[in-house]
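All chains should be built: construct the whole structure from the sequences, respecting the hints.
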Amino acid sequence: MNAEANASFTLPSGQGEIVAVVEDDPTARRLVTTWLEGAGFTVVEYESAQAVRDDADGKPAAACIDIGLGDGDGFEVMRLMRERDPDIPIIMVTAQRQVDTAVAAMRAGAYDYLTKPVDRDRLLLCVRRATERHRLMESVKNLQTALRTGAVLDTIVGGSPAMREMARQVERVLESDVAVCVFGESGTGKELVARALHQGGPRRSGPFVAINCAAIPASLQESELFGHERGAFTGAVQTRLGCFERARGGTLLLDEVGEMSPTTQAVLLRTLQERTVRRVGGNQEIPIDVRIVCATHRDLRGEVDAGRFREDLYFRLVVYPIHLAPLRERIEDLPLLVAHFLEKLRSRTNHGVRRVSAEALAVLSRYRWPGNVRELENVVHRSVLACGGDEIGIQDLPPDMRESALREALADVRGSAAGDPVDDGLGASGTVIPLRELELRAIRKALRVTGGSVAKAAKLLGIGRATLYRRLSELELSPTQDLS
Amino acid sequence: MTEPHKSRALSLPTLSPVRLDEILRDATPEFLVELAALFVRDVERRLKNIETSVRERDPRQTALGAHTVQGAAASLGVLRMRSLAEALEADAARQDWPAVDQSLDRLLAEFGYVRRLLQTSDIVLAAPRVPSDMVLMNDELKAEG
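Heads up: the sequence lines are chains V and G, in that order. Going by our numbering, the first residue of the first sequence is number 17, and it counts up by one from there. Going by our numbering, the first residue of the second sequence is number 3, and it counts up by one from there.
The hints are simulated quantities; they were obtained by calculation from the structure and are not laboratory data. Every residue gets a Cβ at the ideal spot worked out from N, C-alpha and C, and that includes glycine. The reader is advised that the hints may include incorrect statements.
[Stated by the list, open to error] Chain V side only, calculated, beta carbon under 8 Å to chain G, not exhaustive:
# : residue
1 : 41
2 : 42
3 : 43
4 : 47
5 : 132
6 : 136
7 : 138
Next up, the structure:
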């Protein structure tokens, strides 16, 4: 062989990028896999088009696809992979006498093509160039995302003291790999904080992988996190990378970590101690290179005390806790958040809503927000859909929210008026009082305790003066009469 | 019948030293043994399917099967099998069944020889830098042609 030529030609090695090899011929697949792994790539093998369809989680940096698969054609697989990642470079592999097919593949968007039998040097050069291109595309995307990080922070940082403190905490750990645990109720933006940590830190050009431990049955948690080898268990028809391997070079968010099974907790602890991962059914120790961020709505310390969470794992994961305040405790941020969501929706739906009326904002501010910012986004979306003009009014808010606000207003009025017991909206016999009647009572009470001052009553009721005048007219009430 | 395929097949070596060298460039000889075993298992299965297709006189499945054998042989550098599989594919595409029967017989015979060769690990282990005098020829088949 041409040893001299080989000696003078050094192929660059891969940096652990994941390459998908889709090939139904086991000899060719094994050969290509061995060459790629020898050059430092991580290979995920698929023996059929169906295997690709079944693995929606794979995030390869490039793919080598045989055009003539037994159970479908390579074009279909290319379309599927590009649907999942429009930037993935696809290298089509074709028989020598099917070059016209290869040309068609290039026209359909393939990055390059190789002819069979695949030449080792050409394969490695081609894959190397493809993964470099993908990395560049990812870097551009991440830079664009980083530019938007300010906007991301705006959504989680309001002017409230709680949010300003949280922003300071995030900034302190941006540049390090210290284990951060984000605590907060559902909907407070734990994942946004994790993303801000990723986008603001040195790992921003790597992937951000999030796994919700609460959404995965205990029996599958290990496989999802650490991957599995082909044949590791019934149904493991192919090797699959876990979250740790997919997040290589980036950040892994373990969301709702408090829901992790005891068995998975033990394996996770070993993984964090050894800094290596072992796929289920495998023997190889694979080094990990990820920043771990975890999040939970639970009191994790309490879970440790109750014996449901390992204390040694707790100390590994909760090195730097960040607490997110619920929306009701930073309600002064609500107008900023509403404006943000209106703008976000405008870019998606091109709606004509410009603002929210003071009365509607007052109603929103009085609400308890058990679902926090996520619920607020949902309410803004629903209100935009219901709104016919350019301003969201009380009438555009979801009915349950209008009722809730009215009941609170009534309770307040009753409490401030005569120390009456808070009316829960039920009559003496337990029957439900109609909404109109509740509203009538609230307005009467407000006017009575304010001596008929519409301005003061409106303030008490949390609505605008004009709205109260309109409601008085509609209910045929006078500010100074019928106040009994 | 397109004789060029077959006459070309007979002039080819059984294994490609160039390909073997490429495979072994940064792999161990054990890897070649493993790859050869994988090839034998896979092609055995594919040839059985081809035999069934030929019995059923199914030109599409016969041609498809021959095409896959051709690809597998090319990957490992099993040159003569590759060429014979190519001939079988062409015969099946023309639905020239007497030629198909003959091509299949030749392919099966060649595979029998290749299997023995590949399963003799001494030969495979000796392949790291296959010298020209070790280019493996199937004289029996050549004589038959």
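Going through the hints against the structure:
no. : hint : verdict
1   : 41   : 5 Å, holds
2   : 42   : 5 Å, holds
3   : 43   : 5 Å, holds
4   : 47   : 6 Å, holds
5   : 132  : 5 Å, holds
6   : 136  : 5 Å, holds
7   : 138  : 11 Å, violated
Checked against the numbered hints given earlier, the structure breaks only hint 7 and satisfies all the rest.
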